[in-house]
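Engineer: Below, each chain spelled out in residue letters.
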Amino acid sequence: MELLGTIVGITIKSLIFIVGMFLAAAYLTLLERKFAGHVQQRPGPLHVGSHGLLQPIADALKVLTKEDLVPDNVDKFLFYLASLLAFVPSIMILAVVPFGEPFEIFGFKIYPYVSDVNVGLLLALAFGSISLYGVIFAGWASNSKYPMLGSLRKAAVLIGYEVALGFAIAGPIMQAGTFSLREIVEAQQGLWFIIPNILGFVVIVFSVLAETGRTPFDVQEAEAELVGGYVTEYSAMKFGLFPLAEWYIATFVLSAITVILFFGGWNPLPLLGWLPIPGFIWFMLKLFAVFMFFLWVHWTVPRYRVDQITELAWKVMLPLALANIFIVAIWIMIFG
Amino acid sequence: MVRVKYVERPELSNKERILFIDFLKGMKVTITNFFRKTITTAYPFEKLTPPKRFRGTHALRVKNGKEPPSFKVLEKFMEIKDGESRCVACYMCQQACPVPELFKIEAVQLPNGKKRVVRFDMNLLNCMYCGLCTEACPVDCIIMTDIYETAAYHRASCVTHMEDMMKRAVDYDTRRYDEPDRIWIDDKERSKLWGQIKWS
Amino acid sequence: MAIKHNSGIILTTVEEVLSWGRRNSLWPASVGLACCAIEMMHTAASRFDTDRLGIIFRGSPRQSDVLIVAGTVVNKVAPMLKLIYDQMPDPKWVISMGGCSSVGGPFPTYATLQGVDRIIPVDVYVPGCPPTPQALLWGIMQLQKKIKEKKEGKVWEEIPVREVPTASQPLTEKSPFGF
Amino acid sequence: MQFSDKKTNLWIDKNKLEIVKKSFPDVKVEEYENAVFIHVKKDKLIDFLKFLKEAEELQFKMFIDFTCVDYPFHTPRFLGVYFLFSPEFKQRVGVKCWAENNSLPSLTGLWKGAKWAEREAWDMFGVKFEGHENLVRMFMWESYPYHPLRKDFPLEGIADTYLPSLNLRPDEIPAHNYSPYHTYVPSMEDLEETEKKRIQKKAQIVLNWGPLHPGTHGTIWFLFDMEGEVIKDCDIILGQLHRGVEKIAETRTYTQFIPYTDRMDYISALCSQVAFVNAVEKLLGITPPPRAKYIRTMMCELQRINSHLLWLGTYALDLGALTIFLYAFREREKIMDIIEGIAGIRLNSSYIRIGGVAQDLPEGALDVIRHFIKDFPKRLEEYETILTKNRVWLRRNVNVGIINEEQVYQYGLTGVVARSAGVPYDIRMIQPTDAYGEVDFDVPLGKVGDCYDRYLLRIEEMKQSIRIVAQCVDKIEKLKDKKFIASENPYVIPTLEEVYNSIESMVKDFNLRIYGEQAPEGEIYLSGENPRGELGFYIVSKGEGHPYRLRIRSGAFYNLQIFPELIKGRTVADAVVLLGSLDPVVGETDR
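For the protein sequence lines, the chains are A, B, C and D, in the order given.
Read in order, the letters of the first sequence are residues 1 to 336 in this note's numbering.
Read in order, the letters of the second sequence are residues 1 to 200 in this note's numbering.
Read in order, the letters of the third sequence are residues 1 to 179 in this note's numbering.
Read in order, the letters of the fourth sequence are residues 1 to 591 in this note's numbering.
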């Protein structure tokens, strides 16, 4: 009976998470278009619905009913598999991301996360790395030159930054002494981990930009060089999944992890604890701020060359992450 | 006086490099633009008024008493009633046009020895809108209006005929004949982009 | 047929919704050939912002719905343009922007293709050399109108073409273009 | 207003000609007012050009242009014309040589820049070149049977294929000038053959970069032979926008050709018009009134800012800075508003006329321009804040595509590309036309010659253009006489008011429209400083209303030629940067 309840609860919650994530991703596209528009002194989507509120619906309808075109000379199986491999893991990360502290409704105790795995962070990293295969398969299966180059570039970038990312999150883990994201958040009741981990934060920011393929690291779909990068041959919804997963869901999830690791998750801002705002809202506000920051960078800076990116990853980011570990170790020695 | 000078190449100092000054400055610019007003003209709902000199679709001015003196000279060879186009079939527009084959002008000889224009077609898809025809017309007949919304589903719809051009000219003159030769009318759509210009 | 008769209304409503979605997220393949490409860029830029209408330019033809042929199509580039058109997934439309791509424009020469509609079917012709951004937007809206009025078995000649264009008044009521 | 007539005649002077005659006694010298040509025999040509290039007191190091002229009733039929420039003495010289049995010695040993020019001559005239490394067609595809610029080839081509419009019912005639028959459209096989002739695969893959590609600034077709992402070998196929402008010029009057000059370099239309009209005016001996001169200079500089802004936008877009693109286009919109208000059309404004300008400035124009030049430097400052010292920008630009002085002379590079290598070659400075002799401005030069220098130079040029525009505005306001076209000259088309009011000018108007400006027999080469480099017009007039031969020396054409040499051993990402900084416009390279 107990087990059944758990299963039912988890199923319901994961359904809510997945559907919600789809909607959120759809409207994150609108958010980005609006933001980009106003940065460039134009309104962005305006006439479809009031202020373009129906724009994502229109795009979704169009993309879904487009002819699902598969070129003749592609490897069909991998071609289909790639788009799923790119999309599914980034959704699965959500399973371990806690969006707030448990709260009571009608006597039920609701945990706003699917599951609290005690190695949640490792799982998130692992899922993130799986999507790499989606990219490589896409490039290979397309059997065309531009996608191949694009996917190779993306692979080089991802490998470089997975390592830096892995070392950078070591700092908060050392301080919290656990891999469970919930416990990491709870360990930040007092001081946030941003204070000693400032170097780690810098590394994380660059790594997230690289993982989600945003400038200055968007080499894999540099339109001027490789037409559409590894999605060049994809059309209809198979194409739609890639940017959805990479640009929006991945950015969203990684922003969430950044918030959890460095900005105290759902803990209120310092000196504002007295406000009657639930932790969920705090979390969402911080998440939104971090997400907007990434957009802001994306719409400002130019793009690196791919060899420069890998060079940056191995020669700058990795040492920074290691240095961060030392600093945190010393911090722990001093302040316990 | 023309002088030759070498440009100096700015360098990124270490302080800027470590503190990401270059990124932060750039992001400051973008965010200031974020809070500026948008310059967009929401096209179908608000439209830029073309300036007086705008060279849009062609039109044939009609005989309405405002003709230049040269028209009086050439009129006596022609059979033109009031409200009909002033065209005197001198073919000067066709002569001046870099793509003469876009014109199709036909005039017939009436029994009383006068000429009458029966056909004046222009294939606007061949037109460069260079305005040489309007400069060549000795009787101020063919003009270029401020009409630009001429997209069509069919090649044939882009060939404009005499009656349409006359209608267009009448409409254009009623709207904008007396307008002074200004660079443009300073309306709200322009000022969205330009801000306040102080006119002398 | 009985079944069709029963579910006809539903079918039409579905069709309506789909065509609404299609005409409100037209993604053009950015094929810039000549002068008109500059005005096309201006149409996409801040002042006449195509993103308002849900129009974003895609680099790859596989992800685009409408092909805006902007500029002179010469014989040498024609086969590649046809290739790009064939790579686009259905439903797809073509806007021929400017005189050069429509009928060869001011270049009746040995090298120029006298009208892109000799190799690919064209839905909307936009005269002008080059058309101003507003003219191009008008053309895009004619295409939206066409997509809206495209019913079962209705051919394009039957869609009413605007006769003698006169003063271009700003649009007050929404809908003739269906967004 | 007194125009101090500075040294505007760049041609080789007497004593240098004496030096030439001393060592080559059998050359014939053919002198015109604005062009000096030396006739050489074909067997002597290479030695003669070598002498011109290397003789201490001549030093005609810089290759300007090469073309052919077709004289069907003369044997040998084709005349090759070379233009050289001496950076030491600031002098030009033309060399003519008859192509006996349709062939000329190739110059690629002396000047690498001759490679494409000779390909073009082979393509357009069918003149062979002995010793050319790879003589393939420049603009048309390989299996194209004709040589279009020959006099016996019709402008419309040979319409031998039935190719009706797909949008018509079979019985329908859409327009009076519609014909279902069309010239031959190549098949993919033809194009593949063209590609095979250019490049053989040695490394891993041959990448077709372009022709319809977002990054190639139009329809240039690059062939990269790549090892991974490193480009081992490269060749360029042009002609995806070859519309036969030079052929059109031979059938249009001088006035009718002005709109076509817009469509060549469509980003800087006004500069092209002014360059062409200046050449024609020199040929006809017209001096436009001072007001027209100042208006031309002002519009040219506005157009230069416009063009550099488009370059900045697309360049930043290629490098991933998406927002700069739209900021640059915001400023472009302002300039386009100004041009639209003054000339009538935003982009291809055929505003300049022979003998002046089409219309006087409308009221309020100067106010608007003042407002613009007051506001623009602030915006430029913003762009520089985002880009100039950005570490990514520096990493992508510094030491990419370094050009040295020798290459400038070898390839005949002009414009910003030449100045970035430290060569002070600016037509506005060495041969001031219009009001350029009257205004103050600096010509910026680069020290290194890489993409970053070219970026800085273009930014600096925009500032200088603002200076020039400001001076012109002040001068125009002070000018007393409102005369904007020298319509008293017999070659200049009268204004509309005169036509309306006097029979004489109506008759003159009719004559000029029908027969064209019948220029006296002669030849001229005159060039203007386009934003893309030297845009030269070589006009051969036989006393008819239209030029017998009009050769357009396009700066972008020669600047693009150095691309394959610079890109070897670099990656595709660098190709984007390099192409952007060379800044070609296909309409001008292909014509």
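Treat the hints loosely; a few may be bogus.
[Said to hold, decoys possible] The calculated lysine to aspartate or glutamate pairs, modelled on EDC-like cross-linking and capped at a C-alpha distance of 16 Å, are: (1) B:K52 - D:E227; (2) B:K5 - D:E460; (3) B:K28 - D:E381; (4) C:K82 - D:E227; (5) A:K145 - D:E227.
Just so you know, these hints were derived from the structure itself, not from any lab.
Engineer: Does each hint fit the structure? Answer for all of them.
Structural biologist: Evaluated hints:
1. B:K52 - D:E227: Not satisfied, since the Cα-Cα distance of roughly 58 Å exceeds 16 Å.
2. B:K5 - D:E460: Given pair K5 of chain B, E460 of chain D holds - Cα atoms ~11 Å apart, limit 16 Å.
3. B:K28 - D:E381: Between K28 of chain B and E381 of chain D the Cα gap is close to 13 Å, so the pair holds against 16 Å.
4. C:K82 - D:E227: With Cα atoms ~30 Å apart, K82 of chain C and E227 of chain D exceed 16 Å; violated.
5. A:K145 - D:E227: Roughly 13 Å between the alpha carbons, so the hint for K145 of chain A and E227 of chain D holds.
Comparing the model with each earlier hint shows violations of hints 1, 4; every other hint is respected.
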